[in-house]
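Q: Starting from the known structure of chain A, arrange chain B on it as the hints suggest.
Going down the list, the sequences are from chains A and B.
When we follow this note's numbering, the leftmost residue of the first sequence carries the number 1, and every step to the right adds one.
When we follow this note's numbering, the leftmost residue of the second sequence carries the number 1, and every step to the right adds one.
It cannot be assumed that every hint is accurate.
Said to hold, decoys possible - Result set (BS3-like, lysine-lysine): computed pairs, CA atoms no more than 30 angstroms apart in a straight line:
hint: 1; chain 1: A; residue 1: Lys90; chain 2: B; residue 2: Lys667
hint: 2; chain 1: A; residue 1: Lys301; chain 2: B; residue 2: Lys783
hint: 3; chain 1: B; residue 1: Lys88; chain 2: A; residue 2: Lys321
hint: 4; chain 1: B; residue 1: Lys667; chain 2: A; residue 2: Lys66
These are calculated hints, taken from the structure and not from any lab test.
Bear in mind that the values here come from a model prediction, so they are computed numbers and not experimental data.
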Amino acid sequence: MSEKSSNGKFNVQPGEAVGVIGAQSIGEPGTQFVLRVFHSAGVLSSVSTKGLPRLIELIDARKKPKTPSMTIYLDKSVSKSLDETKQILKKIEKVRVSDVVSTFSEDLEAKELVLSLDKEKMQLYQVTEKAIFNKLAKFQNILVSELADMRIKIKLKKLKVQKSASGRKKTKDGENEEQKKMSIKATRVAFVDLLNSIIFGVPNINKAVIKESESGELYIATSGSNLAEVINIEGVDKEKCYTNDPFEALAVYGIEAARNTIANEIKSVLDDENITVSFRHIGLLVDTMTFYGVIKSVGRKGIAGKKESVLARAAYEETVKHFTNAAVFGEKDMLKGVAENILIGKQVQVGTGRIKLMIKNSDLKKLKSKEDKA
Amino acid sequence: MQAENINYIRFTIVSPEYVRKLSVAKIIVPDTYNDEGYPIDGGLVDQKLGVIDPGLKCKTCGGRSKTCPGHFGHIELVRPAIHPEFAKTIYMLLQSTCESCKRILLNDNEITSLSEKIRNFISNEEDYEYEDILESRMISKKTKNIKLCPHCNTKQRKIKLERPTFFSIDGIQLKSDEIRDWLSKIPDSDLKLLSIDPATTRPENFVLINLLIPPVNVRPSITLESGERSEDDLTHKLVDIIRINQRLEQDIDAGAPQIIIDDLWELLQYQVTTYFNNETIGVPVARHRSTRPLKTLAQRLKGKEGRLRYNLSGKRVNFSARTVISCDSTLSINQIGIPQKIAESLTVPVYATQWNIDYARKFIKSAQYPTALNHISKQGLRKRITDTNREDILSILAPGDIIERQLIDGDIVLFNRQPTLHRVSIMAHEVKVFPGRTFRLNSAATTPYNADFDGDEMNVHVPQSLEAQAEARYLMQPKDMILSARNGEPIMYLKEDELVGIYLLTQDTVEFSKQEASKILSSIGIYEFPEPNKKTGKFSGKALFSMILPRTMNFEYKSKNDEIVIKNGKITSSGVIGEKIVNEQLITSVFSQFGSQEAMDFITNASKISLITAYQFGISVGISDYYINGIMEEKDKIMHETEKKAHDLLENYKSGNLEPLPGYTMKESYNSTNIMELTMVRNIAANSMKKYLTPENDAYLMVLAKARGNIFNFVQTSMFLGQQAVRGKAPSRGYKKRILPYFRKSDENITSKGFVKSSYSDGLKLVEYYMHAMGARDSAMNKSLVTAVSGYMQRRLVNALQDIYVDQDLSVKDASGSLIQTQYGGDSLDPMYEKLQE
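Chain A with its partners taken away, still in its complex shape (with noise of 0.2 angstroms):
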């Protein structure tokens, strides 16, 4: 088969409507998403968001993504050591307060909560007595003080009372009382808060697990997604950190890792379901959302809705509004798509509606005075 990619016999002709040939193929397979999820239905797999829903959410360019998540490699020199990647898994998952803390005791009406900080945890999270007081200062509403034997001493400033539900009118020691109660209650709930509260890990990052790849290699993989401080930490390789939502590519990595990620995506939801689509379709509909150099979602907020044409624009969503600011902005309409084209009855400047046919005049006249001689 040598002789096709030398002479382009295999290559697209010219004109060939390439963008509606994608976008079928990208969107009638939809159809199929059902009957494979009823096949396999049983068989529990990780919680993201997949088919349907999830391709969707990545041609509609959606901000924040149902189940974002990342795929963390590693350096080399890690990536072999269980030990070395647990202590990175370490700063990049959530530590809560009460994860380092072994006992602790309150005192509910003096608005005082004492924690006694646990040696092993806090070996086993790699952080120091200092650095948790340090964080816990820099919380909003509560003075914090060190007290000897590992414990600090947590005091509340103000507290938020919340005004009882019922609108009963009571008496003023029936209402002092209540207060009392409910102030009690609050700063419990305050507590509960502060020992819940996240002192260390990367915001937004939910669950971290350990994973290894084929070739032997460690890696971790997350639910929640932040790529700006994931690629700071030291032993992460900055260069194939992968994150799920494209806008976050988009903000660390620039445009084009945003499209890269939007078409791996959209290439792996295809392939959970065993659609086979070709990349060109992908990556055709993945260059036209991302070559303005921002993400453009599919649709009428996105490419769809700024396209030039005027009528092109009124015949897919928002009729009325289009019209009005055409007419507004004295819009013109140069009738060069798809869609404008069949709307006043021209035929379409795609396909072999771009052929055009010139003829030389002289050989026109040549050709007349042949007829006229017939």
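A: Okay, now just chain B, sitting in the frame of chain A:
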């Protein structure tokens, strides 16, 4: 026929002067017809506006109802009314300009920098663009809070817009005439800064002082059976407007108190608002007498049933037919069987020239089936050909005339099935006329259409111009679509019985006598024999199959399960030719080596030869195929194991010895492992089921040949149905701690988790039936939901990408000429042929 002379369309606002210029009649009477049933002069169906009654003549152009295009009229409004769709723009303008000097609320420095920006933008882009609109909104955001006019130092009061058209300044109403006055005083130079081109758009025209009345053709009245006339919604609305306008005029002339005038004025504004858009937010919907909301201008254009999508983007057509489809394996994939009746009423134009005039005459002469139905003279006069005028037309027929003849064998037609999800949902087939009432097509051609023969209907369209016929013939035939543009894999291939036939034909042990072989080969029009087996003198199935391969074909393919070697058009390898080899390897290989015609012939011949073989062997399936000796004992064993496993897991969980899955709690881990195990039982059962099945079992033969069914059908019919799923999980909702009141609370029995132990042949127990119904319901729901969602997704995708094409230099561009890819796909390879590249 084409609107080739339209170069571009510019959108502007009409001025009152232009309305008067356009108008042929001033409409003053809020009524339509008089008592005699004739249009009233100066009324809404004034004969100057065009005619729809067949007997009348247009007073403007003299045309009849079919020739008069209709003409505009106008109403002069006594008091101005705001056009509701422009209220927001008016608001933006009022906020951006000074209430006293009407200049833009920017100081001179800001003005120069802004105009500089705009000048740059225009010189780069040549035209106003969407970004401009954003820019002007930004300015109003900025100027909204400016308290003092930088030009005349007037203090700016706060302007408010109460939807849809009520404006106030510091709580005092700004009346329409005041607004119009304000807007008219905004200087042209300042408008440009707000990206409004004063040449096309003077903002005072957002406030209407007269109204353009559309021609009657746009709003035809219909005559009911009772002879009563029923007017169009627009006419009703216009009657309302004129009536209020008249009353307002009378009251003003009579010097009525201001309150009454204001009330009427407001009413006029309401009528005008609903005339333009009856779905304006903040305004009660105007209704017909029958309480049906009126369909006014915006409603006519909008949405799926609106003018744009229903009448302009898509149209009803002539020269088409629709009927039920059925299967015909004697046709090639390129052909279509058309019922005689349809062929008789569909027509193809013959453009008579000096060279084909005899061909045209032949059709006119004939009184029977392939005959000409119509004659169209050079002048465009269409005449039906009947037995009485046949001779006359024959004598006047001259080059340049067109005759419309009936559809005959060999014509090209477009064949389509909805939903038209991809381009191969419309393909061009060659006509073959048949008796009967259905369209017929080869079963291999059903895949691209996603059609089956359980009552599907399809449409046929006859291309009328020679260009269209040529394009259909050279670009749209199924043979050129054998490979999918989605992934380069074949989309037309053998299926069902054909696969069983191929399987039986190509078994190593199969041999045919000379008689049998000639029967098989003659079915595909081959009248010579392959080399017989030297020992037996019989013909091997593979030798017969080799006869349909191109003579010079050489091919080798090896995978884990399959292997095939073809040398000089003869199969030399052993082993059955499976579905994978035929449908993926052979079709692709024939296509790449010999082209589309050969590939098509291969599919057609393989289909015929395999069907004949299948008939020779005879295949039948019955319930007895599913009664398998010893399978009940096997089932009991598996059920026992399963229950034991579930029990062990429960014990493990209860004692806390269960190793939780990473990132999950103990309970979650228990539940998901449990369900996973239960789902996997199916596979265990399938594996042991295989041991009991042989190809002698015809139902299993179908599975082996990948024709129909799978091993799980056997499992479900003869052993058990297995775990039922709702939303991809075990059924969970219902009562507290249990799915049905039938179970004890927190029952850990596998049945109570939705596992069905019965098989289809046993029949299901009540609870099992319930569980099964839940799963079935879920999948039915899911199916209908996903089709709706994915349909919309595809509409959006196509809309976003439809203008993108490959240019002469193989770069990819869109309608505005923006470069999207420098080379299509990076290598400019057609995805249809990408698999051939290897």
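Q: Take the hints in turn and mark each one as holding or not.
A: So, going through the hints one by one against the coordinates:
no.	hint	verdict
1	A/Lys90 / B/Lys667	25 angstroms, holds
2	A/Lys301 / B/Lys783	28 angstroms, holds
3	B/Lys88 / A/Lys321	11 angstroms, holds
4	B/Lys667 / A/Lys66	24 angstroms, holds
The structure is consistent with each of the numbered hints, conforming to all of them.
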